[in-house]
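Enquirer: Construct the entire structure; sequences and hints are all you get.
So the protein lines, in turn, are chains A and B.
Quick note on full-length UniProt numbering: the first sequence kicks off at 1 and runs consecutively.
Quick note on full-length UniProt numbering: the second sequence kicks off at 1 and runs consecutively.
Any given hint might turn out to be false.
[To be verified] No farther apart than 25 Å at their CA atoms in a straight line, the calculated lysine to aspartate or glutamate pairs in the DMTMM-like style are these: (1) B:K159 to A:E78; (2) B:K102 to A:E79; (3) B:K102 to A:D47; (4) B:K217 to A:E78; (5) A:K115 to A:D47; (6) A:K117 to B:D141; (7) B:K102 to A:D81; (8) B:K217 to A:D81; (9) B:K217 to A:D47; (10) A:K117 to B:E215; (11) B:K102 to A:D134; (12) A:K83 to B:E113; (13) B:K165 to B:D186; (14) A:K83 to B:E103; (15) A:K117 to B:E103; (16) B:K102 to A:D38; (17) A:K117 to B:D216.
[Stated by the list, open to error] One side of the interface only, derived from the structure: several residues of chain B facing chain A at Cβ under 8 Å: (18) L100; (19) Y101; (20) E103; (21) A104; (22) Q109; (23) R220.
Derived by calculation from the structure, the hints in this document are not laboratory data.
In this text, a Cβ means the ideal position worked out from N, Cα and C, and glycines have one as well.
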Amino acid sequence: MSIFEYNGGAIIAMVGKNCFAIASDRRFGVQLQTIATDFKKIYRVSDRLFLGLSGLATDAQTLFQRLMFKHKLYQLREERDMKPETFASLVSAILYEKRFGPYFIQPVIAGLGDKDKPFICTMDSIGAKELAKDFVVAGTASESLYGACEAMFKPDMEPEELFETISQALLSSVDRDCLSGWGGHVFVVTPTEVKERILKGRMD
Amino acid sequence: MGDSQYSFSLTTFSPSGKLVQIEHALTAVGSGQTSLGIKAANGVVIATEKKLPSILVDEASVQKIQCLTPNIGVVYSGMGPDFRVLVRKSRKQAVQYHQLYKEAIPVTQLVRETAAVMQEFTQSGGVRPFGVSLLVAGFDDSGPQLFQVDPSGSYFSWKASAMGKNVSNAKTFLEKRYTDEIELEDAVHTAILTLKEGFEGQISGKNIEIGIIGEDKIFRVLTPAEIEDYLAEVE
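Expert: Right, dumping it as structure tokens:
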């Protein structure tokens, strides 16, 4: 049993036309037992920057607290919000600090950068960044997620179509993974608003 | 004067509320060679006299204006060796910022960290304050900026400023000639004229140093030949 499969989870982020969407499943389990069905894996760093953390839940919570600490200090010192690219570099540096005793998580970062250009990236547990122009996935269902996204993704989708696509990709992939599921939690972010929606899928 | 009894220890306030060592450090700065900076609408220029102790000194080996990052430069008045230590520390801080955020450090952040280093040396045991005031010139996303940092660790943003021997004349001259819309080329001419005001001897490309940063956000020190060209334009 891998430590990354102890809690289970699935995260996707997708780029649309001047918008992005980030989605996760809602299960919190301890190996085969499901403890909660409303567990948040996507954290709002700012109105334009979201962080999804898959993997060991305790590490996800601690890492999020550390990152919020650094982000708040940055905002106070520099009197501006962090750009998503900068935040990704920060996460990468923090993960590499623990190179020989890492956090057992895989982050997905999604945000709107300069000129409202959407930015997504993921990295491994020791901070190797992977920038993508279309979609990034993480979690125990990642293999299914890659397949579903590759098949369903189209570039430059409007927010509504992007929502449909990411939801279908998420739900169909977590149905093939016993450790993820119990619904979905989707954020669609445009320069003007953040739309948060709950999905109902197979509740098993 | 009760103050002199308190001038032995840096970390002790005098009854008048001053830290006497910092006052002495400012005096060291005030007897250093004149340096100045001017913030233009589209860039910043910093300049200094480069009076060498003898004609036998190889003036190309003396560099009073240094760059801290590709888009931030600095000049000083006061003790050269102290300046070199601060440049080294500031460069390290700028690179560390880049290691963490993969982004160029904003001018205000670098100035703040450099000032924090200078302040540390006014509140630690067994050390003395730096005997330099710095003029930091940079161009980042917030536009052109000019900061002065004092031995006490306080920093100020200036539109135009001068430090060193000829400070009051230079500042008066700058006050008269500065406008908010001044362009970088004009600012270089004004800087040269300001240096000329208090200059003893014949000014040339070999005994002044000028550094500029424009909208290309690249700080560079002018060559003696380029300074000669500007001097000819000013005549």
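Enquirer: To test your reading of the hints: which numbers does this structure violate?
Expert: 9, 16, 21 and 23
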